[in-house]
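When the letters of the sequence shown are read in order and numbered with my numbering, they come out as residues 90 to 283.
There's no promise every hint is true.
Straight-line alpha carbon distances no greater than 27 Å define the calculated DSS-like cross-link-like pairs of lysine-lysine that follow [what the hints assert, rightly or not]:
id: 1; residue 1: 101; residue 2: 142
id: 2; residue 1: 110; residue 2: 131
id: 3; residue 1: 142; residue 2: 131
id: 4; residue 1: 110; residue 2: 142
id: 5; residue 1: 131; residue 2: 101
Just the calculated beta-carbon pair ranges, DEER-fashion [claimed, not checked]:
id: 6; residue 1: 92; residue 2: 174; range: 47 to 57 Å
id: 7; residue 1: 136; residue 2: 170; range: 50 to 60 Å
id: 8; residue 1: 134; residue 2: 97; range: 45 to 55 Å
id: 9; residue 1: 123; residue 2: 186; range: 50 to 60 Å
id: 10; residue 1: 171; residue 2: 193; range: 25 to 35 Å
id: 11; residue 1: 121; residue 2: 92; range: 52 to 62 Å
If you are wondering where the hints come from, they were derived from the structure by calculation, not from laboratory data.
Glycine included, every Cβ here is placed at the ideal spot set by N, Cα and C.
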Amino acid sequence: MSEYIGNRVVPKHDGVWDSTKVYEPLVIVYEEGTGDSYISRKDVPAGTGQNQKEYWALCARFSEQVALLRKETAGQVAHMEERTSAAETLTNSNKAALEERMANIEARQDANVSASTDKNADYAAELADARVDDTDYTFASAGANVRALGKARSLQDIAKLWEWEDGRFVNDQGYFPQAEAGAHSIWCLSQVTG
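My request is simple: use the sequences and hints to build the entire structure.
Shown next, in the form of structure tokens:
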């Protein structure tokens, strides 16, 4: 029987409908053929079909639930396809821009290689390449690009402030002189003061 709780009645679920069974009021049964659920309106004698509206009321239509689920799923799939298409379009445009930048860089590198292997070349291509920064912005001159890098000091400038313990300095090419047996490593630098 259904259960009375305060100001409400909770129906009882009785599984699959059986035509040979007697049902009390407010019992929900499931009809396997259609997937629909029915609730008893009053005491139902054995042999009473679910099509007899005096005894049974439709309380859940399975086909409508499936239709709503299909509609909701179709909407979600369409939204997902829309987002996927937008992401693919963005990826393709980014790829095209990247390929264009790579082609420009390769062309500059090829020009630099040609200029550096030609003994009569004036290295104009290499100088032009020095005017372009890593974002493909072209400065008015190579010097403007270098100045734009800030006031960073080269290894040689930094090395002038540090002295080898044995008195050796970094040479003008930025390398440490040939070490002799027992010479100190880079970790043995000490700052020159005073």
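Okay, the hints, checked on the actual structure:
1. 101 / 142: holds (19 Å)
2. 110 / 131: holds (14 Å)
3. 142 / 131: holds (11 Å)
4. 110 / 142: Distance of about 17 Å is within 27 Å: holds.
5. 131 / 101: holds (13 Å)
6. 92 / 174: 47 to 57 Å: Once the Cβ atoms are compared, 53 Å apart, the range 47 to 57 Å for residue 174 and residue 92 holds.
7. 136 / 170: 50 to 60 Å: Because 52 Å falls inside the window, the suggested range holds.
8. 134 / 97: 45 to 55 Å: Between residue 134 and residue 97, where Cβ atoms are some 27 Å apart, the hint is violated.
9. 123 / 186: 50 to 60 Å: holds (58 Å)
10. 171 / 193: 25 to 35 Å: holds (34 Å)
11. 121 / 92: 52 to 62 Å: For residue 121 and residue 92 the Cβ distance comes to about 26 Å; the hint is violated.
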